[in-house]
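**Student:** Residue strings, one per chain:
There are 4 protein chains.
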Amino acid sequence: MKIAFLGLGIMGRAMAENLLAAGHELVVWNRTPERCEPLVEKGATRVATPAAAVEATDLCIAMLADPEAACDVVFAEDGVLETMAPGKSYIDMSTVDSQTAEVIAYEIETAGGRFLEAPVSGSKKPAEDGTLVILAAGDKSLYAEALPLFEILGKKHLYLGAVGKAAAMKLLVNMTMGGMMTLLCEALALGKRCELSAEDILEVFSAGAIANPMFAMKGPQIAANQHSTNFPLKHMQKDMRLAIALGDEMHQPLQSVATANELFKRAVAEDCGELDFSAVARTIGA
Amino acid sequence: MKIAFLGLGIMGRAMAENLLAAGHELVVWNRTPERCEPLVEKGATRVATPAAAVEATDLCIAMLADPEAACDVVFAEDGVLETMAPGKSYIDMSTVDSQTAEVIAYEIETAGGRFLEAPVSGSKKPAEDGTLVILAAGDKSLYAEALPLFEILGKKHLYLGAVGKAAAMKLLVNMTMGGMMTLLCEALALGKRCELSAEDILEVFSAGAIANPMFAMKGPQIAANQHSTNFPLKHMQKDMRLAIALGDEMHQPLQSVATANELFKRAVAEDCGELDFSAVARTIGA
Amino acid sequence: MKIAFLGLGIMGRAMAENLLAAGHELVVWNRTPERCEPLVEKGATRVATPAAAVEATDLCIAMLADPEAACDVVFAEDGVLETMAPGKSYIDMSTVDSQTAEVIAYEIETAGGRFLEAPVSGSKKPAEDGTLVILAAGDKSLYAEALPLFEILGKKHLYLGAVGKAAAMKLLVNMTMGGMMTLLCEALALGKRCELSAEDILEVFSAGAIANPMFAMKGPQIAANQHSTNFPLKHMQKDMRLAIALGDEMHQPLQSVATANELFKRAVAEDCGELDFSAVARTIGA
Amino acid sequence: MKIAFLGLGIMGRAMAENLLAAGHELVVWNRTPERCEPLVEKGATRVATPAAAVEATDLCIAMLADPEAACDVVFAEDGVLETMAPGKSYIDMSTVDSQTAEVIAYEIETAGGRFLEAPVSGSKKPAEDGTLVILAAGDKSLYAEALPLFEILGKKHLYLGAVGKAAAMKLLVNMTMGGMMTLLCEALALGKRCELSAEDILEVFSAGAIANPMFAMKGPQIAANQHSTNFPLKHMQKDMRLAIALGDEMHQPLQSVATANELFKRAVAEDCGELDFSAVARTIGA
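Chains as they are written, first to last, in the working numbering: chain L, 1 to 286; chain X, 1 to 286; chain P, 1 to 286; chain F, 1 to 286.
Chain L on its own, in the form it takes in the complex:
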């Protein structure tokens, strides 16, 4: 299958490589063109614009950093909309808010294309391993056709209904993850002051009802004050902001998430935005 892939950041590159490795023909585009090179070396074709990528294929997948980037790629000059047409399909796997997903869906469909939003749960490692959880919503026929690709990229995929619902689900996952990270850091910080070792704390946590892969992976990283980036802290903070905005719109108070969000904002202000989101540990004192 010939597929266009837009956005080759940490996530996008790993996903594109998996599609390529599975034998698909890939047309790639990235804002910083040099990031295309490793894929081109493996056989992908680079194009100069999102419009060219859509023109060259019937199915285009995008994995962009945030709602602004997701909109730019569609609406800006030489963007997706310029060549979108009946018979073509667009799957946006970026994490965006529901409104952004709805606006993009509306324009793609008005241009005659089919649209699926398909944000993922999981960061660098699951992207590389093809074990993402894919949350899809929008055109159901496109979902059905994309299943073979989703099986390459992920270990699980759900169809959630109308456009906007996958974006909402993704925000639920990330707001919970961000909140859990602040809790882990508060526990490690308090433990440190009580002269309990991080190793003992993490062992106890791993043995009980709160044991989870994130604590297991990030805990030792926090104990070592080493925060190489799987999921940038500033992106986590953006997702928490979007989750709170969704709560605002739906009249759902989110005291715990709002508190965690302010801690992440403090971490951004303290220059941890580019580090892994575990770096909120620094502002908490873990």
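Simulated from the structure, these hints should not be mistaken for lab results.
Hints are supplied without guarantee of correctness; some may be wrong.
Identical copies carry no separate label here, and so any pair may be met within one copy or between two of them.
[Unchecked claim] Calculated cross-link-like contacts (lysine to any residue; reagent style SDA-like; alpha-carbon spacing at most 20 Å):
{"no.": "1", "residue 1": "192", "residue 2": "251"}
{"no.": "2", "residue 1": "156", "residue 2": "128"}
{"no.": "3", "residue 1": "155", "residue 2": "203"}
{"no.": "4", "residue 1": "192", "residue 2": "245"}
{"no.": "5", "residue 1": "140", "residue 2": "197"}
{"no.": "6", "residue 1": "234", "residue 2": "245"}
{"no.": "7", "residue 1": "155", "residue 2": "81"}
{"no.": "8", "residue 1": "125", "residue 2": "220"}
{"no.": "9", "residue 1": "155", "residue 2": "206"}
{"no.": "10", "residue 1": "156", "residue 2": "197"}
{"no.": "11", "residue 1": "192", "residue 2": "158"}
Assemble chains X, P and F onto chain L, guided by the hints.
**Tutor:** For chains X, P and F alone, kept in the frame of chain L given last:
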């Protein structure tokens, strides 16, 4: 081995039954004496006071509801201290604050006894299944002697050092658990308002980095608005209060835990204190 | 002076009446046209659209409910932009976020007009009494010319610099006010549970360093559980949301404001959005 | 009148000087005896212990730093209780929690004495100026007799009922003050990032419904990053902790106060505990 067991609440009864089933001889006491009956039927001997329990055996284990009860059993008339003596040992498995553990340890040791604090991570089900995580601190020789009993009661046991450290570790576990519960409830509440099903949310959560046994066990319970009590909400709120007080003493701010604690306090005020701690869902709107 | 006035809600109507009473000639417009009638009876001229209002005068003042309304009046069909032209001026006294102010300023100036943002501190009563505090930013020559009008409407006016700064200042005032309201309610709620009378609490508060007009005005209202609307709770919550978004953009964590915002969101969810913002007392238990 | 005065910290010394200046005969005691000297130079008599102070007079007033100090002075060796007797009275003006006040009252009254708790609202300046607000509870006949002294020390005094209620009222004042301080700091911090001057912000705040003496006094101090101590931050944090504990006991959630408390705890951890409580500005970034 002949063991005295004080406190036959949800946890204590399950633990005492496991010791009995493993072939140990048991002397039991409970404030409400009727709660001793199921154990007496299985062969335990009931005594009228904590002092009598200590007198009848060389090793006494206590599992009480809170710091007040833990102190009462030791210090009140007919309490443990009256018969504590050299050659006798006392293991307090209740969840208390570090200061309470230290006060009890001091008095037991002054009376010539050995003391171990050994609070557990895990509630009703792990207590019944003998899969608790046992956090021990205090007299190391007593820890060594108690290991065969801990292997009956739990699946893991750690020795953490001086008295007070196990209490602190237990509070780290519970404050994290309480915070995670408020996050789960906020996610389910927001999801409900976005017309995402609790089933889908829990499936997505179970497939990713935040998957944990507590979400798996409590999630469906919350979705069903059914909160039969494993761990009473008012006890969780007490533990969060103790954790925050520990943070206060150690100068560790705990914004996320403090926020969660206020939500639990609200749930107590709304008459959910006797329900399972998952009932904070009601005040959050999940 | 002949002035157009757009928006005759609680605030706008009182301000327009003061301008009329001071002898100015008024052209009025309101989305719900019936709200123009009291002013028409006092001599104002009603027009059918914002565009007509701008066409009929050289100076147009707007006082709208929120950023959406402020944008609509300018950008929608028959809006301000259609007739904006060199020689004409536009003063927007609505409370909006900085970005909205900047977008409106840009378009008005592109059309050749002058623009001043001039949100106010103070609600119904100061609007009626002409004792608002007017926070102005934008075209300095227009500020100088508008001073005689600001002296009718307010007791104090400041020029703060470039467009966006007055909006930011207004959000600082309102976020502080919202936060102080939640504190007052928590104090009254806790006092009630301690069997301290609201009268005693308010007397003590009024005698010390925290005494302020808002507590004096709203305190008895809360004690009487009577929340007739001066400043609708949902508008306060919107302003807190905008303040937090500003903090987000500027990388300033706002833990206290975020907490208060979630309490206001809860009050909105509990159907208090149309009541005075003091009605957050109901969700807090005061 | 011959009066004993225990505790000559920032507050106690100013109060004792006012009593001395009004012509009363004073017996003084302080843990650090050198602090008695300025008063001895003005005619007060120093005694070596609280017990001696009580013995030498019929009325003893105490102004101690915290509940621990208030208890120590009464219960420790050479403490108040040793010489308390029928015919003697004890007025504790320290800020303590209700339980501490009740314990002290019980013991004083058991020894035959009369007891009044009379914490004050107001810090260094009002203490010096004799413009404190005195919150009294306990023995009503003692309240009546103490009125002439209260008129020297304060500008307002209320009798609130049974012992414990004045302590509770004091905590309401201080928790509100602490919360308002964090709000002021968040506003100044956000304003700074928006390039609004602290002067303009404080002028706008002083002109509206939120204007209050604390903002007027502390605002310029914060703007100058100068925090010479009127009311030590660590004492404010202690009072917020006590307020939250009271809320806990009475089942009143206090989200806003809890959030502010964690910010104060952070300030204590960042070595601002001995500075004025306005120094929470440093942790907030104002």
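**Student:** Of the hints given before, which are not true for this structure?
**Tutor:** 7
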